[in-house]
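**Q** Chain residues, written in single-letter form:
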Amino acid sequence: MTMLQAGNGRTILRCEHLSKSYQMGEIEVKALQDTSFEIREGEFVVILGPSGSGKSTLLNIIGGMDLPTSGKVFLRDEEITAYSERELTEYRRNKVGFVFQFYNIMANLTAEENVELATEISKDPLPIGEILEAVGLADRRDHFPSQMSGGEQQRVSIARAVAKNPEILLCDEPTGALDFNTGIAILSLLHKVNREMGKTVIVITHNSDIALMADRVLRMRSGRIIDDHINENPVAVEDIKW
Amino acid sequence: MVTFRLSKIDTMLARMIGRSKGQFIAVFTIITLGIATFTAMNMTAINMKTTVETYYRENNFADLFIQTGAVPAQAAERLAGIDGVKKAMGRVTVEVPMITDDENERVNLRLVTTTGEDDELNKSTLLKGNMISGDRNEILLVEQFAKLRGIDAGDRIKIQAGGVQYTMEVAGIVANPEYIYLMENAQSIVADDTFGVGYVSEQFGRQAAGLPGSYNEIVIGYEEGADEEALIEDLEDALDVYGVKQTIKRKDQLSHSVIDLELANLETMANSIPIVFLLVAGLILMMMLSRLVKKDRIKIGILKAIGYSNRQVLLHYVKYALISGFAGGTAGAVLGMALAGGMTRLYLDFFNIPLLRIEFYYAFLAYAILLSSAFCALSGLIGARGVLKIFPADSMRTEAPKAGKRILLERIPFFWKRLSFSSKMINKNIFRNKKRTIFVLTGIAVTFAMMLFTFTMPEIMDQMMNEHFTEFQKMDYSIGFRTPVQKTAVRDMEHLIDVDYIEGKLEYPFELRNGNKKQAVSIIGLNRDTRFYTFQNTDGEIAEIPRKGMLITENLAKALDVGKGDLVLVESYIPNRDDTYIQVRDVIRQTLGMNAYMDIDAMGETLLEKNIINGVYADSKDPDINKKLIRASNVASVMSVSDIRAMYEEYMAMTFVSIGFMVVFAGILGFCIVYNATIVSLGEREMEFSSLRVLGFTKMEIFFMIVRENNIITVMGILLGIPLGYLLSDYSSAAFSTDIYSVDMSPTSKALIMAAVFTAVFVFLAQLATYRKIQKLDFLQALKNRES
Chain P
0 MTMLQAGNGR
10 TILRCEHLSK
20 SYQMGEIEVK
30 ALQDTSFEIR
40 EGEFVVILGP
50 SGSGKSTLLN
60 IIGGMDLPTS
70 GKVFLRDEEI
80 TAYSERELTE
90 YRRNKVGFVF
100 QFYNIMANLT
110 AEENVELATE
120 ISKDPLPIGE
130 ILEAVGLADR
140 RDHFPSQMSG
150 GEQQRVSIAR
160 AVAKNPEILL
170 CDEPTGALDF
180 NTGIAILSLL
190 HKVNREMGKT
200 VIVITHNSDI
210 ALMADRVLRM
220 RSGRIIDDHI
230 NENPVAVEDI
240 KW
Chain C
0 MVTFRLSKID
10 TMLARMIGRS
20 KGQFIAVFTI
30 ITLGIATFTA
40 MNMTAINMKT
50 TVETYYRENN
60 FADLFIQTGA
70 VPAQAAERLA
80 GIDGVKKAMG
90 RVTVEVPMIT
100 DDENERVNLR
110 LVTTTGEDDE
120 LNKSTLLKGN
130 MISGDRNEIL
140 LVEQFAKLRG
150 IDAGDRIKIQ
160 AGGVQYTMEV
170 AGIVANPEYI
180 YLMENAQSIV
190 ADDTFGVGYV
200 SEQFGRQAAG
210 LPGSYNEIVI
220 GYEEGADEEA
230 LIEDLEDALD
240 VYGVKQTIKR
250 KDQLSHSVID
260 LELANLETMA
270 NSIPIVFLLV
280 AGLILMMMLS
290 RLVKKDRIKI
300 GILKAIGYSN
310 RQVLLHYVKY
320 ALISGFAGGT
330 AGAVLGMALA
340 GGMTRLYLDF
350 FNIPLLRIEF
360 YYAFLAYAIL
370 LSSAFCALSG
380 LIGARGVLKI
390 FPADSMRTEA
400 PKAGKRILLE
410 RIPFFWKRLS
420 FSSKMINKNI
430 FRNKKRTIFV
440 LTGIAVTFAM
450 MLFTFTMPEI
460 MDQMMNEHFT
470 EFQKMDYSIG
480 FRTPVQKTAV
490 RDMEHLIDVD
500 YIEGKLEYPF
510 ELRNGNKKQA
520 VSIIGLNRDT
530 RFYTFQNTDG
540 EIAEIPRKGM
550 LITENLAKAL
560 DVGKGDLVLV
570 ESYIPNRDDT
580 YIQVRDVIRQ
590 TLGMNAYMDI
600 DAMGETLLEK
610 NIINGVYADS
620 KDPDINKKLI
630 RASNVASVMS
640 VSDIRAMYEE
650 YMAMTFVSIG
660 FMVVFAGILG
670 FCIVYNATIV
680 SLGEREMEFS
690 SLRVLGFTKM
700 EIFFMIVREN
710 NIITVMGILL
720 GIPLGYLLSD
730 YSSAAFSTDI
740 YSVDMSPTSK
750 ALIMAAVFTA
760 VFVFLAQLAT
770 YRKIQKLDFL
780 QALKNRES
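From first to last, the protein sequence lines are chains P and C.
Just so you know, we're using numbering that gives the first Met the number 0 here: the first sequence kicks off at 0 and counts up by one.
Just so you know, we're using numbering that gives the first Met the number 0 here: the second sequence kicks off at 0 and counts up by one.
Misleading hints may appear alongside valid ones.
EDC-like cross-link-like pairs, simulated, lysine to aspartate or glutamate; straight-line CA separation at most 16 angstroms [to be verified]: (1) K388(C) <-> D123(P); (2) K620(C) <-> E493(C); (3) K157(C) <-> E227(C); (4) K516(C) <-> E227(C); (5) K29(P) <-> D393(C); (6) K486(C) <-> E506(C).
No wet-lab data here; the hints were simulated from the structure.
So that you can see chain P by itself, here it is in the shape it has in the complex:
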């Protein structure tokens, strides 16, 4: 898969000299240090790094869930780091879809209701039925999370994120809590969202095998990007093994 097929060349996301420090009890944590990079529209990007490398912090800032200590983030031409509280809420509502490691779906809502939770407040959502169909949960729409497997719950999480019709999809260790086969199924789904729906997908993981399917790989260590390269020959999901 070439870069041309993966994206249309236009920059969708730009990070400039991002730094982030925060207090954890009595300790100051330097999560990000002067991080800069660009992502193109339609790319499937994997941000790789060990635990504590700053991947989640970076994703949270991109997703408008956190503010950097310094630096800027641009979605297309909009500087999201300059957004007010209300603008950030709008950004999270309409521009970004988030998929968490531990699914984080609402325990007292069904699969369909979980997706509706997001679409009710979105400006231009996708039809819920179609999305549930696309993620393979059409016949589980009335089930509660307690009645679903981990993989199914993660599909709900993906459906919820995608149904908002966001500009970018951010996935924080989406396979971290799943077994191998389920993990592969989820990655396939994310790949489908990227290729068939044209969504820019950013996945953060510590699993280097997952990076093989990416169009672009960013490697992080100690809050810095130590490598940023295009994957000339992305591997098919089914061929990934870990």
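With chain P fixed as given, assemble chain C onto it according to the hints.
**A** Then chain C, alone, in the frame of chain P:
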């Protein structure tokens, strides 16, 4: 067709309420009870006020009552010309014995003359039979008395007046605004069948009282905007020549003052009790929501990550409180409305008001619902404001462990080393979770204080009775004469009835003044060495009747703002008799009533006539005392002190119902507080308990840990509640003391014990209710799951 669909965030809320039914119901119950009390009592008070005002207006209830010597009819008519007087009426009032089949029974009937005119002041409302037709031997009986004695219109009764027996036909049964509450005097609290009021023609009344062509009472209706004090002065000046015994304003009129007091108490309770309930509900909601927001950290982060604004997420939690407030307020308002009808009817029946005016003030309903909704919403806002602080990314991070600190007890190694592991954990939990501990502590203290006050009331009332009728006043009988006689009449009494001991007394009403403060009271003249009273001053020392000067009761001293050594002006009713200054020699304690006491000789000499008495006190075991005295023409009243005491005890029995309610209310409060606090504790400490399960603790052992925690807090709460209970009782002493009662509501040891026991019982019940929750919790699963 319009379909109503809940948003998903509201669906989550509905299901959250469903999952925490127990807690929701607890809060809902408190709010419902509080609002029901608020609505029922306020609506009843409004209904009663309106009804009483209407009744007074329609029946021309007088504004002023002046008891006088004999006032000629023309003089009474001339009073209408005084500025400010709308209507002036003379009437005759005389008390006569009613002859019954039981010769030992003494029944007093107050005869009041009536003209039967439509614009008559204090007009009666005919309930049964007919008005007086002019026949001199007809009488209209007040309903309460007629009912108690089983007398109906058309029956005949016998009375004795001026030494002559009369048979009277009961023409009709009436209600009168002057006797809505039938009281013979300030000491009679409960209407009984030994005192009644009957309305007779002027002709008959004058004959019975021996007042041809005269009146002995003037009743006045004011013009609108009349200056009452100036008017009273003018009237008293005009009547001075005939002798003014007592001037009673409407506000001091016995029946009216009882109703007024009752309504005032009702209004006070209506507005104070609900506040306690709403405050407790508010605190519970604050605590619940604050804990929920902490527990839902990640959920809140996700909602914000999805794109919900701070406002929307905050509202999600505030709605929980708002729904409790609205639901509880609505249920309470409806319940209160239903109760108000019944309560109003009860009051109207009890007070014998013939009008029935029960209205439902729907605006009040809306107000009650708004009040509880707003209050709860505010509590929710305060409790859930932590939502605003949660940044989505922060919520995803693991929370830093709480800073470890030693509690105070740990610094006492002698004590700390001797505690078991579970005891150490219990103490640490109590002192580390300060907010929750303080909340439960306060709740239990309030519950205990309310119980203490409730149990103190009957104890104190009982003490009051004993004190007054055994230690203060010691006579078996108090016999009053119609007209004063020489002191030597005491010996005549000894011949008439069998007495163990007898003393003469002189008792007359006077108006006492100090500057612009005045009070009408009975001054009682006694032998200086009287055996029938023991006076104690406010320092607890024995006070003797002075040779000159007087002793006054504490409540009288307060009313006149005087103390020991001060001079008080005593206004004499005797025509052409000057008013006199008399020194207050001491201020004494008296539980019931308001009086002044003098040496009988000094009193006679200074205020009336030398060597006279108008009654006697006697100790007597004579079983036929009433029978023997009933035919004595000068004997106006025979009061058995044991009968008076029985009457008070009957009154006290009526208050036990309301005491029962108070205990239940206080108990429910305590139950809800402990229940909610325990549930919150369970939720917050799920991981902690899970770890204990892994270590090998059973569910029962964990339950007992929580029980022991709550027990320690309960004991601390009770100890804290003791001074709070004392404060509440002190406040009540002041609030409940009136001209009639002087209450010292210091809690007794029995009340302390009862309050502690009942508080402990309700706390225990609350803990039992949480046991089921503990049994259901899957502690081990909690260890596997992250919070979601």
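**Q** Compare the structure with each hint and give your call.
**A** A quick look at each hint next to the structure:
1. K388(C) <-> D123(P): 29 angstroms, violated
2. K620(C) <-> E493(C): Within the cut-off at roughly 13 angstroms; holds.
3. K157(C) <-> E227(C): 41 angstroms, violated
4. K516(C) <-> E227(C): 15 angstroms, holds
5. K29(P) <-> D393(C): With Cα atoms ~15 angstroms apart, K29(P) and D393(C) stay inside 16 angstroms; holds.
6. K486(C) <-> E506(C): Measuring from Cα to Cα gives roughly 13 angstroms; hence the hint holds.
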